[in-house]
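Going down the list, the sequences are from chains P and D.
Going by UniProt numbering, the first sequence opens with residue 1, and the numbers climb by one from there.
Going by UniProt numbering, the second sequence opens with residue 1, and the numbers climb by one from there.
Treat the hints with care, since some could be wrong.
What the hints assert, rightly or not - The calculated label-pair distances, taken between Cβ atoms and stated as ranges, are: (1) P/Ala89 with D/Ala29: 56 to 66 angstroms; (2) D/Tyr27 with P/Ala73: 23 to 33 angstroms; (3) D/Gly18 with P/Val184: 27 to 37 angstroms; (4) D/Leu91 with P/His178: 31 to 41 angstroms; (5) D/Arg64 with P/Pro183: 40 to 50 angstroms; (6) P/Gln167 with D/Ala29: 49 to 59 angstroms; (7) P/Ser104 with D/Pro13: 25 to 35 angstroms; (8) D/Trp39 with P/Ser104: 55 to 65 angstroms.
To be verified - Computed from the model, here is a short list of chain D residues facing chain P with C-beta under 8 angstroms: (9) Pro13; (10) Glu16; (11) Ala61; (12) Gly62; (13) Arg64.
Calculated directly from the structure, the hints in this document are not laboratory data.
Glycine included, C-beta positions come from ideal geometry on N, C-alpha and C.
In case you want the letters, here they are:
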Amino acid sequence: MADSTLTIDPPQEQVGDTTGSAESGSRGIGRAAVLAHRRSPAHDLVEEMEQGSGERVRLRELPFLSQLAVRAASAGRSSAAVAGALGVALPSRVGEVTGATDGSGVAVLWLSPDEVLAVGQDEGRSGLSPDVWSADVAQALASEPGQVVDVSANRTTLELSGPCALQVLQKSCELDLHPRVFPVGAAVATLLGSTGVILWRTGEQSWRVMPRASFATHVVRWLLDGMREFR
Amino acid sequence: MLIIDCPNCGPRPETEFGYGGQAHVAYPADPHALTDEEWAQYLFYRDNPKGSYAERWVHSAGCRKWFNAVRDTRTYEISHVYRQGDPRPDLSKGA
Numbered sequence: 001m002a003d004s005t006l007t008i009d010p011p012q013e014q015v016g017d018t019t020g021s022a023e024s025g026s027r028g029i030g031r032a033a034v035l036a037h038r039r040s041p042a043h044d045l046v047e048e049m050e051q052g053s054g055e056r057v058r059l060r061e062l063p064f065l066s067q068l069a070v071r072a073a074s075a076g077r078s079s080a081a082v083a084g085a086l087g088v089a090l091p092s093r094v095g096e097v098t099g100a101t102d103g104s105g106v107a108v109l110w111l112s113p114d115e116v117l118a119v120g121q122d123e124g125r126s127g128l129s130p131d132v133w134s135a136d137v138a139q140a141l142a143s144e145p146g147q148v149v150d151v152s153a154n155r156t157t158l159e160l161s162g163p164c165a166l167q168v169l170q171k172s173c174e175l176d177l178h179p180r181v182f183p184v185g186a187a188v189a190t191l192l193g194s195t196g197v198i199l200w201r202t203g204e205q206s207w208r209v210m211p212r213a214s215f216a217t218h219v220v221r222w223l224l225d226g227m228r229e230f231r
Numbered sequence: 001m002l003i004i005d006c007p008n009c010g011p012r013p014e015t016e017f018g019y020g021g022q023a024h025v026a027y028p029a030d031p032h033a034l035t036d037e038e039w040a041q042y043l044f045y046r047d048n049p050k051g052s053y054a055e056r057w058v059h060s061a062g063c064r065k066w067f068n069a070v071r072d073t074r075t076y077e078i079s080h081v082y083r084q085g086d087p088r089p090d091l092s093k094g095a
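Just chain D, same shape as in the assembly (with noise of 0.2 angstroms):
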């Protein structure tokens, strides 16, 4: 079980929350303008590291907001947890 720290309600258990996949996909300026091939990498196409990866979660028990969090694919550890909107955080600087 992960202890997820909610930047609104603190730690909380893993199941109060929900996923929403890689975090920082935005949405393209104008969808017309792309390729079924680009639209595609849009809609499907995800990083998949073996280390940081950035993830949108959502405090789905408790607060019911959207936020994003760091966390090593290899380990579980979540290093960074920030809020909706706010720049990924500089990962070079270590967790």
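Chain P extracted, bound-state conformation (with noise of 0.2 angstroms):
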């Protein structure tokens, strides 16, 4: 935010309502602003996943959805504090995910026994900047032990979705992705590839996956490789 080196106009438009709070006004650069500049890890290959899209199987990037990483053992107080102001209870085992687990709304995904992420909408347009989302969360952690970070921009979340979609990530991903194992709203983290991504099953035909920002390229066109034969 306090970025010395922005030298972009003042915006005519405001996103949402809570926007150019604390972070913004003094400098004269209004959040949409920098909302604008923003630029996401698979940015560049906008086109080459429309092109390599079809009726069979889509790949689309979800970019800029805020993400929470919380440190709270599960089942304590810690992580009654981090739900309740959430609005979200956290889950409790591997694959659950509790609140919106198509994605639509807040959802909160089961890392490991004391870690959980928490995914909301991107900022541009839930009005609700991630700074500002942690920060609320951690200040209900209060004296707790517990740690909550924004982690927004560590990951970029790819949908792959379509009648095709589970054999394309079957061909890289050992997982069971039957729906009898891994049904609708599940998620893990896992390997796709050799890279390591959280898969989430938002619908029937529809996974959400989350790879670290550096690696959004190569899983895009390692994708992209496994969907030409359903194109």
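The two chains are supplied separately, each in an independent frame; assemble them into the complex guided by the hints.
Now the structure itself:
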């Protein structure tokens, strides 16, 4: 936010109600202008993804989803405090996602016994800046042991959907992705090829693949390669 | 490919895990009191059994937690998986 190298004009438009508060204003740089300058990790692959998509399988990026890494011992006062601030009960076992398991709102993904990932909407859509969100949740933690960190830039989100999406994933993920084992609304951290990703089934034929930002290009091209036979 | 049963995540392919060597090697209470030979024993010398071996593994692509597993070095069969800090299971009772 307080980046002195930003020399952009104050914007005319505002996004949401909560923008333009503490972190903008004083420098004359509106939050909307900052948001307009964001570049998502796969933004230069938009055309490739469009060309590689077809009726049977489609790939696109869902950029800039807000993400909070929460460390809190499960079933303790810390996790209760965090759950209260998020408005979503925390998941307690592998694969479990609580909240909006289809990704339409705030969802909380189980990552390990003392770590969950809260995923919300893009600030440009929700008007809620991830730093404000993480500060709110951290404040709810008060003096309980735990940690809340804004990791929105850590991973990007790719959405793979269509009747053949499962077959594309099965080529490079060794887990059993059958709905009996991996139902809609489940998410796990695993490997896609040799890349660590979070794999989240948001619908019968729709998946979110969340690689680290620096792996985005590789994972997009990897998936596009797997999609070629279904185009 | 081994299928390793992570205590937190359930069965996952071996490629998701990292190997941490022999389990239950305790850090010396007072390293400065050791002779060079004892220190070298602690640092470099590990058991090399033919049979059950308690090892440390980390589920690096999943929950990122360390745990212990008892693996048979002849058959690669993993007979026990248990959490870090738990005692080594009694192997005399059989797998």
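Cross-check of the supplied hints:
1. P/Ala89 with D/Ala29: 56 to 66 angstroms: violated, 43 angstroms
2. D/Tyr27 with P/Ala73: 23 to 33 angstroms: holds, 25 angstroms
3. D/Gly18 with P/Val184: 27 to 37 angstroms: At roughly 31 angstroms between Cβ atoms, P/Val184 and D/Gly18 fall inside 27 to 37 angstroms, so the hint holds.
4. D/Leu91 with P/His178: 31 to 41 angstroms: holds, 35 angstroms
5. D/Arg64 with P/Pro183: 40 to 50 angstroms: Violated: the Cβ-Cβ distance is about 24 angstroms, outside 40 to 50 angstroms.
6. P/Gln167 with D/Ala29: 49 to 59 angstroms: holds, 56 angstroms
7. P/Ser104 with D/Pro13: 25 to 35 angstroms: At 32 angstroms between Cβs, range holds.
8. D/Trp39 with P/Ser104: 55 to 65 angstroms: holds, 58 angstroms
9. Pro13: This interface hint holds because 4 angstroms falls under the 8 angstroms limit.
10. Glu16: Constraint on D/Glu16 satisfied, holds at 6 angstroms.
11. Ala61: holds, 5 angstroms
12. Gly62: holds, 5 angstroms
13. Arg64: holds, 6 angstroms
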